[in-house]
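Engineer: So the chains spell out like this:
Protein chains: 2
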Amino acid sequence: MSAPTKVTPISGFPEFLPAERLVELHFLDVVREVFELHGFAPLETRAVEPVERLLGKGGDADKEVYGIRRLAADDDRDAALGLHFDLTVPFARYVLENAGRLDFPFRRYQVQKVWRGERPQEGRFREFTQADIDVVDVGELAPHFEAEMPLVIAEAFRRLPVGEFRIQVNNRKIPEGFYRGIGISDVATTLRIVDKLDKVGPGPVAEMLIESGASEDQARQVLALASVSSTDLSFVDAVHALGVRHPTLDEGLDALAAVVAAGMEQAPGVLVADLRVARGLDYYTGTVYETQLVGAEAWGSVCSGGRYDSLASDGRTTYPGVGISIGLTRLVHLLVTKRGLTASRSTPAAVLVAVVDEASRETSRRVATALRARGIPCEVAPSAARFGKQIRYADRRGIPFVWFPGAGEGGDQVKDIRSGEQVDADAATWQCPPEDLRPAVVTP
Amino acid sequence: MSAPTKVTPISGFPEFLPAERLVELHFLDVVREVFELHGFAPLETRAVEPVERLLGKGGDADKEVYGIRRLAADDDRDAALGLHFDLTVPFARYVLENAGRLDFPFRRYQVQKVWRGERPQEGRFREFTQADIDVVDVGELAPHFEAEMPLVIAEAFRRLPVGEFRIQVNNRKIPEGFYRGIGISDVATTLRIVDKLDKVGPGPVAEMLIESGASEDQARQVLALASVSSTDLSFVDAVHALGVRHPTLDEGLDALAAVVAAGMEQAPGVLVADLRVARGLDYYTGTVYETQLVGAEAWGSVCSGGRYDSLASDGRTTYPGVGISIGLTRLVHLLVTKRGLTASRSTPAAVLVAVVDEASRETSRRVATALRARGIPCEVAPSAARFGKQIRYADRRGIPFVWFPGAGEGGDQVKDIRSGEQVDADAATWQCPPEDLRPAVVTP
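Protein chains in written order, with the UniProt record's numbering: chain X, 1 to 444; chain U, 1 to 444.
Check each hint, because a few of them may be wrong.
Because identical chains share one entry, a pair is satisfied inside a single copy or across any pair of copies.
[Stated by the list, open to error] Calculated cross-link-like contacts (lysine to any residue; reagent style SDA-like; alpha-carbon spacing at most 20 Å): (1) LYS113 to PHE16; (2) LYS199 to GLU265; (3) LYS6 to GLU97; (4) LYS389 to PRO105; (5) LYS199 to THR443; (6) LYS389 to GLY139; (7) LYS389 to VAL187; (8) LYS389 to HIS144; (9) LYS113 to GLU15; (10) LYS199 to CYS432; (11) LYS199 to VAL111; (12) LYS389 to ILE417; (13) LYS6 to THR318; (14) LYS196 to SER229; (15) LYS113 to GLY12; (16) LYS196 to THR45; (17) LYS196 to PHE128; (18) LYS196 to SER301; (19) LYS6 to ASP217; (20) LYS389 to SER419.
It is worth saying that the hints were derived from the structure and are not from the lab. As the structure is a prediction and not an experimental result, all values here were calculated from the model.
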């Protein structure tokens, strides 16, 4: 088909070149592998939900939804539909819709595109992939799942080229109990103000707290709590030292201590109790998570989540859950643009099988078939150009090996075009070096 | 969050249960593996294109497009955007936009959701996944790629539980040359009528041809050509026997003979020269493909494509291409609903590690970590219920093994809950039977 001549990027809708997409695929493969090793079942939900369900979530979500509409719709019989802006709302609906056909506790992972109609800015996208895990149960959810979530993420991140990272954990009950213990009753407003700490700093936060009705002493105490952080259990004593007691605070400290203790055992140095972490969303009721890459704290959290007592409810049954979500497109995009991550080649092919002349293309094709039968990705040269040109074809794509049928005495030869070394080889037995079998993720 | 109580499926937007999704994932994994073995680079494009680009394709595509719109848009500065209805239009745009950064011939695969605002009916979806491969070049595209496409698909299908299948191939130049050779000048209209043969049969097609201006003899010849089919090169003689000669016809017969000869060599019995295959889309100019599962011809083509002389053009440079596309959601949905395909379990976990009591959960967790370190997907029991209940937990999900820490003399034991056999085992060395490591695709 012919295409209009104007082709331009659309702001907020990122696209990768092939080598960058190979980096993203590596990330997708690793998170999937780790999620499956931990027994999370794969799930996909449709991209659309009724608009009323998307907007029902509260907060300012209504600012972010894309509605969809059949351009040729000749009637209004279609319900108003919108693209999902996260994977939690559709998962909650899926659980309600299929409750009778799922086994609880239900562990699922879900890796899909989501869409948000926000104003695009650097590192903020209107279309991006999220990778979520959640555990949901009926009525009650065992607390050990709250310790499990960040440790699954820690295992995935350890296998990824993201460098050092910290998963910050808090428990909503700690600030809630603490605020009540010092006589603050509007917990939600106080949390929302504390959530701005990273952006505006403690001075302005104290002012906002006082504006919202807190005394100077209360504001000082709120900031003191937010400054508590430890990679071990010492945060408990640090909170006690502030002299505030409340049953909800004690519950929260016990719960967070269990999560941090599991982290100390299984991923030393990765989990940090950080009592500043609030998470903006109202529905978290227990542990909350944020994740920062060391040295790239300005990127903000790359993986967040928490526990919600009521992920879904049909009026009779309540489904509590806990989940965590990797902002995958954003993470990969930042690593590609800021740290120069790329792939060692722009194609899966490890070998280019050269073609001596068009009449012998079938010979080259048979070599390729023999290599593929043993799991070696390869490509047959597109034309029987002179060998120098065929080698350049491989070189431009980063394909490490070029195969020359009939080049040896009574057999083929293969050339490592990086070293120039060329040796006799048989397609039925040649071993591709394991590190060359797949494109590797590299930094320049 | 709380959810509105009404949860209903949306017609045309299919969702799978976990075991069904595992079937779909198996299909996705196999096609990806085969595409990568053949050196196709992975690519994803954004889900949206400018509406004018989507509608510019001609035909009745305008009936099928979903437009998107920010619900909270306070201005009209956003260009009109729509969801893509196939992967060819966005790929053509991507090639134009990135031509300077791609190496040609460019081989890519693309597996993504597409959306069509059609009236839903059985096996027709408004949201579904397509899996495409294409090769695109600058100016000229070598004809051997036209033989390669269906053979890549044949290799993927042979590895999938789809049973016997046939890939029907034709070349647009054959009917075009033949029609001109018998004096029919309106080739496009004639092709569109012949395309209805499967639906309405030869009688009504002859009538429509005559209505469109053909003589009875011309109509008879058109139907005679459409009835030619062979799994070898005999179709060439069968066409010659009809007594029509035209240079374009000869070109088409030579090209199709080359494709069928490659098929006879590489995938005997799979490729069928079928001169009835027309494909509705105007932009095909050479070989065209359709694929049918034997015994399920009523499902129609599950994988189609063809050659286009101008996949994309910026006015100065033309990019010819050839591609083929698997209608993956539709194929899997039909196999699941009509042939009962499902997965052997509803979770990736091969092992459930039992928990003796909550105090020893950490012991069970260490077993799980040891198994995962050797690539064995597993799950720790959600509660320290009595073992009968923990075994039922595994059984309901189809998890084949339950691991009992400390059950043996000085060690652990593992039970195959299908046979009941329970043996001593060490998490550092136990071998999971390879056939149990991943969920298998099975028929009841």
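Engineer: Looking back at the numbered hints, which does the structure fail to meet, lowest number first?
Structural biologist: Violated: hints 2, 5, 7, 10, 11, 16, 17 and 19.
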